[in-house]
Amino acid sequence: MRDKRSDTPIGLYAAVTVSLIAVFWADVSTPLGFAVWVFYIVPVILTVFLARPSAPVIAGVVVSAALIVGYYVSSPGVQPLTAQMNRVIAIITVFVVAFIVLQTIRSRLAVERQDWLQTGHARLTGKLSGEQREEELAESILGFIGAYVESMGGAIFLDFATSWKRAAVYGCDQPDSIPEYIQAGQGLLGQAAQENRIIVVDPVPDGYLTIGSALGSTKPRGLVIAPFAIDGVTKGVVELGFFGAVDDRVTEFLARISDPVAVAIRSAQYRAKVQNLLEETQRQAGELQAQSEELRVSNEEIEEQSRALKDSHTRLEQQQAELEQTNAQLESQADALETQKNNLLLSQSTLEAQKRELERASGYKSQFLANMSHELRTPLNSSLILAKLLADNRQGNLTAEQVKYARTILSAGSDLLNLINDVLDLSKVEAGRLELRIADVSVKNLLRDLQVTFEPLAKEKQLALRISADSAAPVILRTDGQRLEQVLRNLLSNAVKFTERGEVELTVRVPSADTVAFTVRDTGIGIAEDAQEAVFQPFRQAGQRTGPDHAGTGLGLSISRELARVLGGQILLETELGRGSSFTLVLPVAGPELGRAHAQIAPIDANGHAPIRDLKITEPAETAPLVRIAHGPDTRVLLVIEDDKSFATVIADLAREIGFEVLIAGTGQEGLTLAAQQSPHCIVLDLGLPDVTGLSVLDRLKKSPATRHIPVHVVSGSDYMEIAYPLGAAGYALKPVKREQLVKALSELERQSARRNRRVLLVEDNAIQLESLCRLFEAPEVTTVPVRSAAECLEKLKAETFDCMVLDLNLPDSSGFSLLETLSQEPAYSFPPVIVYTGRDLSGAEDEKLRRYAKSVILKGAKSPERLLDEVSLFLHQVVATMPAEKQAMLQRARSRDASLEGKRVLIVEDDVRNIFALTSVLEAHGVVPSVARNGREALAMLEATRTEARQFPDLVLMDIMMPEMDGLTATREIRKQPAWKKLPIIVLTAKATRNDQAESLQAGASDYIAKPLDVDKLLSLMRVWMPR
Amino acid sequence: MSKRGVNIEDVEFHLLLEAIFQVYDHDFRGYALASLKRRATQALAKFECATFSALQDRVLREPETMRRLLPLFTIGVSDLFRDPDYFRKIREDVVPHLQTYPSLKVWVAGCSTGEELYSLVILFREAGLERRTVFYATDINNEALAIAEAGAYAMDRVAGFTQNHQRSGGTCSLSDYYTAQYDRALFQRTLRDRVVFSKHSLVSDAVFAEMNLVSCRNVLIYFERSLQDRAIGLFRDSLMPGGFLGLGSRESLRFSTHDDAFSEFSREQRLFRRVAA
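If you read the protein sequences in the order shown, they are chains Z and R.
For the first sequence, the numbering used here begins at 1 and goes up steadily by one.
For the second sequence, the numbering used here begins at 1030 and goes up steadily by one.
Simulated from the structure, these hints should not be mistaken for lab results.
Worth double-checking, as some hints may not be accurate.
Quick list of simulated restraints, FRET-style, between CB atoms [said to hold, decoys possible]:
# : chain 1 : residue 1 : chain 2 : residue 2 : range
1 : Z       : A941      : R       : A1188     : 21 to 27 Å
2 : Z       : D765      : R       : D1289     : 39 to 45 Å
3 : R       : D1205     : Z       : S1021     : 30 to 36 Å
4 : R       : M1184     : Z       : G839      : 51 to 57 Å
Cut-off 30 Å, straight-line C-alpha distance, at most; resulting in silico cross-link-like pairs (DSS-like, lysine-lysine) [unchecked claim]:
#  : chain 1 : residue 1 : chain 2 : residue 2
5  : Z       : K1018     : Z       : K904
6  : Z       : K977      : R       : K1228
7  : R       : K1075     : Z       : K1012
8  : R       : K1228     : Z       : K1018
9  : Z       : K459      : Z       : K444
10 : R       : K1228     : Z       : K983
11 : Z       : K404      : Z       : K497
12 : R       : K1075     : Z       : K273
13 : R       : K1228     : Z       : K982
Derived list of chain R stretches under chain Z, where covered just means 3 residues or more per stretch with a C-beta under 8 Å from a C-beta of chain Z [as the list claims (entries may be wrong)]:
#  : segment
14 : 1032 to 1046
15 : 1118 to 1128
16 : 1230 to 1236
C-beta atoms are modelled at their ideal positions from N, C-alpha and C, and glycine is treated no differently.
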């Protein structure tokens, strides 16, 4: 603080002193009586300009002294008494003046002080105005006060909850050593605040804070601590340091401004509070708004929902109306149906009555015929015999004419007998009462008989008759010889009858492996096309020509046809009008029983007529080429291993009727290959195969893990049942196999395969757990096989197949991990889908290792049985569906070995198991060698390892972005920091699709990026681009 | 002469969204118009623009404006353990399922300032699942992500958090997880150990990993139906069979095309379970 007193220019002091001395000198140099001492007032008055109140008093004393001295020193002049009186009066006057001056000075000083205080106050008020924050306020207050009271340093503390917080500091050398908080009542400051009084410390003891500037520091001399309080509450405290002593007008000033400052502080605090509240309110308003928005949105949704409801309601009503209408319609239809049904019942009963009538009638007829046959034949026989006798004319007593009459009678009688026989035969055949006598018939004998019989007839007509048999023709034929002969006779006689010139030929051929054909060819008149059908009708002849040349009843062909049918064959006709005819009787070699199943025979139509076909007897169609059947999950595939093509075809047709897709293999080897490749649902196996025995095929089927679950039905001509069943056959049938047997067997196979038992292998060493697992999976079509050790498990997998396997990791003899490794490496063990079910906590690395082999991993816990059941069911039902897809994938994999990527090493940095699996499968399929790091840090470690261990450095890095510990972009940047790795191609796999994000990847140092979801082709082409050969 | 029936303000607003998309790649065009427009109207006052066109002018030319506008469009209100019954349901019924997995992944989509994320981390920690879980917290707003990563919230909100935490069945005091500093509560750094923070947009980006639990609450209500569908499609593709999807209390799957991929796990708490494909 500047000393106001020293502000007084020296000049004034000088003036006072000079004037004093001057007057003194004047006084001394003049004799007494000269009232020079009057002028002593001047210096005293001059002291009014000084600021010291003591100045006039001092001046007065000095003047008094000067007066006295002057009295004694001046030369005498006036009366000493007068002079003394004068001097005394002067002294009194001087003191009075001094007193006045003193008061003047005093009042002036007081005014100045007041002025100073008020100016300070006013200016402070100015500084306090405006809406300042507390800190700003504190700064400006401290700054102003500090400057105004000329303190050299200080700090101001403001009220903060229960303590005082340092708000502003100035002039201090080490501001940090000023405490930030001062507790209430702590130290002088606290005390001042608490008691609301000003404390002055003067002088300041050592150890106090130093006040400093750039050029030096020192400790203050005096300290003032003043509180600012309003309404008894202290709002702030200021501490000021002074170089000199503390002036009490400072303390007065501080006391004066205490109120306004405190008010200002309080206002600032209030303002701050209001601001906070305002912000709080705004925030809450924002919340409210958000909530009301949500409400509005849900309102809108509810509106939409109710609209949708209304719509569906209307629709429902409409539907109901329609339904009612339909109902009415249905009712009337039902009524109509009822009526129809009644009618039908009526007609049915009528028909039945008629049928019974007919039966009775036909019964009468048969009986009649049976009776009559005897009745008819007997007299006829007698007549014939007698006629014969007459015709023979043994006794020679008849005329030639009489003999001729007798011969005519004989001939007519024979014809009549034949006719009767034919009629009887036909009726018997129609009634189904024709009995066949099957025996081994000698073809040679038969032909010889025919030759003998017809030779004369042919010669008579001058026709050539040739009867021959093919070299391949069977020697023995199993059939009814009599009927066969009957047919052939009929054919031959017709041929002879209708041929005028030329020849008649009977040949026996073997058109196919199991049929024999008797062909009667003539060069006769032929049959017109429109008459071809008619000739087989009873009692009809071509052209209706009757006459001696064409005598005959016309029954022959129809009987022949029926007989052929009964024998298991048919008659085929080839003819041309004017050129001749050729009738062929085709019979099965094996006999009538299997006929229908075996030969290429056209079915008889409803009228019992075989359609007439071209005579070209073709080889039966080649068995269908062995195709790969792309069957969906629902079609059932049957594999037929049978070298007999026609039998195979029969079974195939039958199977297709039932709904199977059929594959045919002609040899055992082919059959095994097909079974392994196509995994049919069932197999029909013939034991008589050309290349290997059927039993060995059966054995191999049951030994191979891929096919041992397929049921096999064995068909054989010999009885190997005792061997076939133990080998694993599901069924056995002896040839010849009836159609019904085949149907039954195939249906059984079909039923078995549809209800195929699912097998689950449970590997768990704890008996109680195992028990509960078994019970968990108990179901009609599920078979559970429990084992308690790894060795047992391997044994089972070697011998049998399973649909699914549940594995505990803690096994007594081996860890689950090594078990899985073994299974994946050794082909001898079947490797079903594995579900790991363990109580162990798994580390991340173990988890990853397991994922490679196991389909899923379940930790034992409260909900784990549920989850286990879900996952196992998934596999049991998916087994069929996934197999073809897996096979397809296998094929694809084999085909896609890509030359440009073959053998390249790629580092995949990705933490999601699903993505890892997808990427590695794709890459491996193309011949790439992948390695995996789970996050950026691991990736860096792996790259480091290639440096120190000289392991192979990758050719390319696929880097995912979102990973824990170190994300992809950071890792990329780190990689690029190493000069050795600057050229390493890094392709970033980003889920982000915006340009900025992708640009970010490039900026981080990636060579390229590809967005998820990954387009495999695009990824591969990118890889080819960045890994050129 | 404008066409009859054409609302100029709507046109302006659409143009604004289009402009934002073209210049900044933030796609708000699929958001629910009504609520977005209301927010934008408030923003007009804040930026002292009279019309959307004026705002568009500023946005196009001043990236700073966009940066300040983004939170207005996206940040929602959230609390720790908001809707405590939802978290209680997770704690009691979902966690036993999750305990059967050796490793877990959780995605908090649209994590905003992170309250939802920390709720789940704390819940998992109390259930003993934190060590084997990786949490992915994504949002389109970098600033919100920064706040989430910092993990500090205003002190006066903590009382509400604590109440919510208790009501959700919390086993210890919420104060175990934070320290109070002046007027902020700072949540422990260890809570962030298993969390990956990343910018990700449900509008344009794709699936990035396979999840056991996806929590996306009170985000979808701000989307238009087609965008909601896309988001749900992302969740569908992310979740493994048997995985859980949690939505906000006023959200549902009923009108989405992916309804058949989920079965209802809890109707009141909007928890769904991914059915096997």
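Taking 30 Å as the top limit, are the C-alpha atoms of Z:K404 and Z:K497 close enough?
22 Å, holds
With respect to the beta-carbon atoms only, verify the hint that R:D1205 and Z:S1021 lie 30 to 36 Å apart.
54 Å, violated
Between R:K1228 and Z:K982, does the CA-CA distance stay at or below 30 Å?
OK: R:K1228 and Z:K982 at ~27 Å, within 30 Å.
Take the segment 1118 to 1128 of chain R, compare each residue's beta carbon with every beta carbon of chain Z, and decide whether three or more fall closer than 8 Å.
holds (count 3)
Within 30 Å, alpha carbon to alpha carbon, are R:K1075 and Z:K273?
At roughly 22 Å apart (the allowed maximum being 30 Å), Z:K273 and R:K1075 satisfy the hint.
Consistency of beta-carbon spacing, R:A1188 to Z:A941, with hint 21 to 27 Å
46 Å Cβ-Cβ, so the 21 to 27 Å window is violated.
Holds or violated: R:K1228 with Z:K1018, Cα cutoff 30 Å?
Distance of about 25 Å is within 30 Å: holds.
R:K1075 and Z:K1012: Cα distance at most 30 Å?
39 Å, violated
Has the hinted range 51 to 57 Å been met by the Cβ atoms of R:M1184 and Z:G839?
For Z:G839 against R:M1184, whose Cβ atoms are near 45 Å apart, the range 51 to 57 Å is violated.
Within the segment 1032 to 1046 of chain R, is the number of residues with a Cβ closer than 8 Å to a Cβ of chain Z three or more?
violated (count 0)
Keeping to a limit of 30 Å between CA atoms, is the pair of Z:K1018 and Z:K904 held or broken?
Given pair Z:K1018, Z:K904 holds - Cα atoms ~17 Å apart, limit 30 Å.
With a cut-off of 30 Å on the C-alpha distance, tell me whether Z:K977 and R:K1228 pass.
Roughly 24 Å between the alpha carbons, so the hint for Z:K977 and R:K1228 holds.
Going through the hint list in order, the structure does not satisfy hints 1, 3, 4, 7, 14.
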